[in-house]
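Asks: As they're listed, the protein sequences go chains A and B. So for the first sequence, the working numbering puts the first residue at 1; every next one is plus one. So for the second sequence, the working numbering puts the first residue at 1001; every next one is plus one.
Bear in mind the hints are in silico, worked out from the structure with no lab data behind them. Beta carbons are placed, not taken as given, at the ideal position from N, Cα and C, and that holds for glycine. Honestly, I wouldn't trust all of these hints.
[Unchecked claim] Facing chain B, from chain A, some residues (calculated, C-beta under 10 Å):
no., residue
1, PHE5
2, THR8
3, LEU39
4, THR118
5, LEU148
6, PHE176
7, VAL189
8, ILE191
9, PHE239
10, LEU401
11, SER418
12, TYR419
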Amino acid sequence: MAFRFIDTTPGSTARRFVISGAWWFVAGGVVGLTAATELVAPDLIGARVLIFPRIRPVHVNTMVFGFLSMMLIGAMLYAVCRLARRPLYSEKMGNVAMWIWNFSVLAGFLTIPAGFTTSHEYGEYVFPISVAIIVAIFMLTINVFQTLARRAEQLLYVTNWYAVGAFTATLIVFFFGKVMWHPKTSAMVGINDAEWAWFYGHNVFGTWITPLALGLAYFWVPREADNPLYSHAISLLGFWPYFAFYLQVGTHHLIEAPAQPWLKLIAEVNSVGLLIPVYAFLTNQWMTLRGRWWKIPDSVVLKFIFAGTIMYFFTSSEGTVEALPSFERIAHFTNVTVGHAHLGLLGFAGFIACGAGYGVLREMYGVIWSERLAQLQYWLMLIGIIGFTFVLTSVGLLQGLAWRNGETVYRVLPEIFSYYVERGVFGCFILTGAGIQVYNFLKTVYARRRRSEEEFFGLERVAAAPAALTGMAGD
Amino acid sequence: MGMTPRSVALGIALIATFAAWAVLFLPGLSAPNTPSNIVRPYTPLEREGRVLYIKNGCIGCHTQYVRPEDWGYSALRVSQRGDYIYDRPHLLGSERTGPDLSQEGGQHSNDWNLAHFEDPRFVRPASIMPRFSFFTHQQMQAITAYVQCLGFKMADERMARQIYWHRRLLAAYRQGEDYNATFLASLVPQQWMSMPNPYAATQASVAKGKFVYQQMCIFCHGPVGDGNGPAARYLNPKPMNFTLLKRHRWSGGMIYYQVMNGITGSAMPYFKEDLESAKIWDVANYVAVNFIGRNVDSGNDLNGIPASIEAPIPGVKPEVPGAGTKVPVPGPARKVYPQRPSSSPQPARTPAAPGGRSRRH
């Protein structure tokens, strides 16, 4: 089949999003490993566009908007279609959004090292790229809403709530957070700008990455465990408070900056409150697995997603503790934060994205090309992320306590050198996993016969676990 | 109302709008941007440097706010909201891989900054900052101007001192190395000039001093202490040539004083935030033993206050269990301090300098 720029076959948008995400995982991983190496050997590369401070935001943005966003969108579009029992409203529009998204990430990949940046963390993309991404999100939103409006299944399953919530909230967050009416700087003035930037920065995860990942866990865990969802009521408890709390926690990045005290209090209270929806979600997932724990080793999809939920527990609990001033005094400005970000984005969202990506391709092509390679990737990434988090948290506490003890930043640098080396080593594990994944994905796509449309949208799997898909079994 | 796409979207949109109101618009409306007592607008050159700071992603490693609990290097004043009213975008930062810069202006001289941007390891050997030697001359001026303005009016005050002393030091330096050494010594208070090093120059002390020297001093003062490290060509006046001090009046206390406080106006920064007192004394021992070639300690292995002022008791060798062995050094035996009555700090050509050799003539 010849390559078509705009593919209109059902499922093509989802597939292309997932595979693009896998490619960006490798690209972002290479940049990340280069950056990590430069922390140990600052003179490694002489080129001005490849110095650490210029490529660090490339790594962050490529991972967040390339790898995570694209894989999660792809898997989410697939899930929405399956749950609606309808093909995507417009594959054409979906494909256009996919290309816009890819070119935006590519543009960011090239422009940030060239010095075009807003200098807002997670929002370094300059105005035109931000506009392109918002347009793509808007197109995807329309697509999701139209697909859901034509759904054959009346009941709206939890996954769809998260899809709708994520797309709606993200449009609002991007518009305000990126200060779209001030294209030149994408910034407000002074401390107020910091408050807006962190509203945006934190909600990239709060309303975009995390809800998509949570929705996918709701989709895949009952399917793979072959067990109905534990409780519909707990799903509700996990959903509404999640958005209500998460949207207000951004200022916890500024607890010791001269922001208003009441604003910091709002952020702290909401950060603690966030534990309610987090633990509700986890209860629901893990109780769904009751009596089916033996399913986990068999399915690489479930394996990835189950590991993701465990890391969600750790990263969310850690996030709440970090938002409290007593711990924040030690962890702030240190590598504890870097470890936390990696545990959240790679450990939680990344694992769920990889699991869901494998799930989508397995459903589309009947089988994953090599389960063994997928298992190998799982273990490499697991060793990588656990080692990574452990190293960075340790070194962060070391930094924080040394600074609290009155040592200067410069004096602590030689102390943390070996940790930076270890971090690079664990990064190699993760990058190898990413390479295996893209190889496995491509082999699956090109080496296997694609399932026919009837098979793809047939109801045979739905019939196998109707309760799991409607989510009503627990009531 | 059930969970339909419409109701979910509406609910989430309401929550998001409320949150935007509560945590975005309300703080902006309730706290007007009133200037603090130190803030001032950026000059065009500083603004240009600020753009460079943004383009090169400096914010990834350097913060620009002092927290209430911060110690050290630049924690002179806890940052206030009014310090940032000219910042768009803000550059607060979130990670301290390098030091905080909110009070960096005037902490170092311009030529220190030049050498530091050329290669950070010239002046900070353990630094992991990348080199910015690709900056053009104009960009180097701009980024230095920006860094030197951080702290605003407080930085301006420090910069005024830097400029005043730079002029005076340069004038002294142009009169020759020996005049320069005398001049620098004249800036050290008498009680420090007459103070011997309270830490005996044991092998352990000299070894520790060497370690500190390599982490802090080596690329300016050079591995043999002659002031010809790789950074020296960016610096004016040049770093001190320690070997020269043999023919001048000097003491452990003098070295300590100058390492502790730095020499404002030159590239010699102050190390009192980076080094604990014992480490400065150790590095003073290392410099004395290796580069000047004379012992300057009190000659007493004992620790404690009297050890720094007591002369060694004739005929009694202090025996301390576990104390290191003395490093044998050439040159005259230890002197008892003060070795000569305190003279006027007025610098004068030392007769010991044959011919008053000067580098400039």
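Asks: Does each hint fit the structure? Answer for all of them.
Replies: For each hint, the structure was consulted:
1. PHE5: Status violated, d = 30 Å.
2. THR8: 24 Å, violated
3. LEU39: Check passed: Cβ of A/LEU39 comes within 6 Å of chain B, closer than 10 Å.
4. THR118: Since chain B brings a Cβ to about 6 Å from A/THR118, closer than 10 Å, the hint holds.
5. LEU148: Hint on A/LEU148: holds, closest Cβ of chain B at ~5 Å, below 10 Å.
6. PHE176: 5 Å, holds
7. VAL189: This interface hint holds because 5 Å falls under the 10 Å limit.
8. ILE191: With a closest approach of 5 Å, the A/ILE191 hint holds.
9. PHE239: 8 Å, holds
10. LEU401: The hint is violated - A/LEU401 has no Cβ within 10 Å of chain B, the shortest such distance being about 12 Å.
11. SER418: 13 Å, violated
12. TYR419: At about 12 Å, which exceeds the 10 Å cut-off, the nearest Cβ of chain B leaves the hint on A/TYR419 violated.
Hints 1, 2, 10, 11, 12 from the list above are not met by this structure, while the remaining hints are.
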